[in-house]
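Asks: Sequence:
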Amino acid sequence: MKIDPASTPSSPLAAGISPGIYPYLGGSVPVDQLRSVVADYGGAVVSGRQGAKLAARTPGVLVDPAAYGLPATADSAPLFDYDEWLTRQRAADVPLLLTDTPRIRNGDRSALCKALERWAAIDEPTLVVLPIEPWWLRDGLSWLIEEVREAGRPVAIVLLHQFNGLDTVRAVAGLLAFISAVQPLPVILLRCDMSAVGAAAHGAFAGFVGSSANTRHGPLPMRQSDPAEQRDASPSVFLPKLHDYFKASSLPAFPRDRRPDMLRCDDPVCRADSLLTITELSETDLQAGRTLAGRHNMAITDQIARLVLSAAEPQDAWRETCQAGATASASLAESGISLSLKPWLRQWLDIDSPSRALQTVR
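If you're matching positions, the sequence shown starts at 1 in this note's numbering and goes up one per residue.
Just so you know, the hints here were simulated from the structure itself, not pulled from any lab data.
Note that the coordinates shown come from a computational prediction; the quantities given were computed from them, not determined experimentally.
It is possible that part of the hints are untrue.
Only pairs whose alpha carbons sit at most 35 Å apart, straight line, appear in this in silico DSBU-like list of lysine-lysine [as the list claims (entries may be wrong)]:
| no. | residue 1 | residue 2 |
| --- | --- | --- |
| 1 | K114 | K53 |
| 2 | K114 | K247 |
| 3 | K114 | K241 |
| 4 | K247 | K53 |
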């Protein structure tokens with residue numbers, strides 16, 4: 001979803017990207033599918049070397065170097081000693097360069113400074129990628145704000161976590177405090193989930209929402225699982241009624257007799273069909289199920305973004321969307337399904353918008 005530039009302030013990113021919510025697709029998407037996504041949603045991000053090849057064949061696509069998964073130690077150089085990613089992105093003729101920052105470890109202020117200096121002298125529009133853990137939105141927030149202000153450059157936050165970094169206590173409040181404190185510098189959420197829409201409602205320039213679980217957060221090493229545990233390989237699916245992601249394999253557990261609309265989706269992909277279609281397809285053809293889940297996730301993200309960001313009070317609209325999901329989740333208890341409210345969603349509900357605060361004062 002691209003926001004009308006005429007309704008937004010001028011930005012140093014204006015030459016490369018418009019404000020809005022876009023898909024993050026990784027680097028393995030077929031080129032014809034990528035072109036279709038760009039046509040439908042106005043842009044996209046792909047990643048890595050393969051992503052650079054795709055971008056060269058698809059105008060308007062950005063390339064995330066995705067170097068933040070590389071190991072980094074205090075003794076190793078935190079950035080490449082050559083400009084391979086700069087060269088690759090220039091060759092792809094991308095509208096906006098993304099820097100190749102590896103993981104910035106907690107407390108490493110010097111690595112943060114070095115990341116903010118990357119390619120500072122070049123003339124092309126450039127976005128500094130900051131792959132950080134939730135620590136930087138809490139204990140390291142003052143450093144993060146000071147250094148980004150000092151650098152005066154647009155930044156893209158990649159929140160590194162095994163699952164969802166915004167589940168961390170005070171992470172949402174820290175993110176919003178950061179966005180507010182560095183304005184008018186643009187802040188982008190890269191490899192994010194539906195919270196990118198909430199961030200845009202609270203002043204973020206743009207957000208790129210992963211179409212799958214693997215592209216909705218920055219990678220961190222996972223704990224070794226018990227070999228006896230069978231991993232659920234079914235795709236994650238966003239349920240608009242509950243405002244949350246669920247594994248496709250879990251969807252049949254939701255009652256269909258008493259709440260037949262719980263699994264119905266009205267986005268342009270599903271067209272009022274049941275999301276159980278994704279479950280059933282995944283059971284016979286996992287790859288096809290993942291593709292359909294990704295298409296649905298992109299379509300429903302765009303639909304919610306349009307609803308929220310076109311509202312007279314986007315922050316209120318976002319809160320109402322979150323509250324509707326929490327209310328629907330609580331209502332399932334009478335059907336025998338107990339769902340705990342996810343920490344990230346609870347944190348959004350704890351944030352008061354300016355208009356709500358004004359109503360409280362009155």
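Asks: Against each hint, give a clear statement of whether it holds in the structure.
Replies: Outcome of the hint check:
| no. | hint | in the structure |
| --- | --- | --- |
| 1 | K114 <-> K53 | 28 Å, holds |
| 2 | K114 <-> K247 | 39 Å, violated |
| 3 | K114 <-> K241 | 43 Å, violated |
| 4 | K247 <-> K53 | 31 Å, holds |
Comparing the model with each numbered hint stated earlier shows that hints 2 and 3 do not hold.
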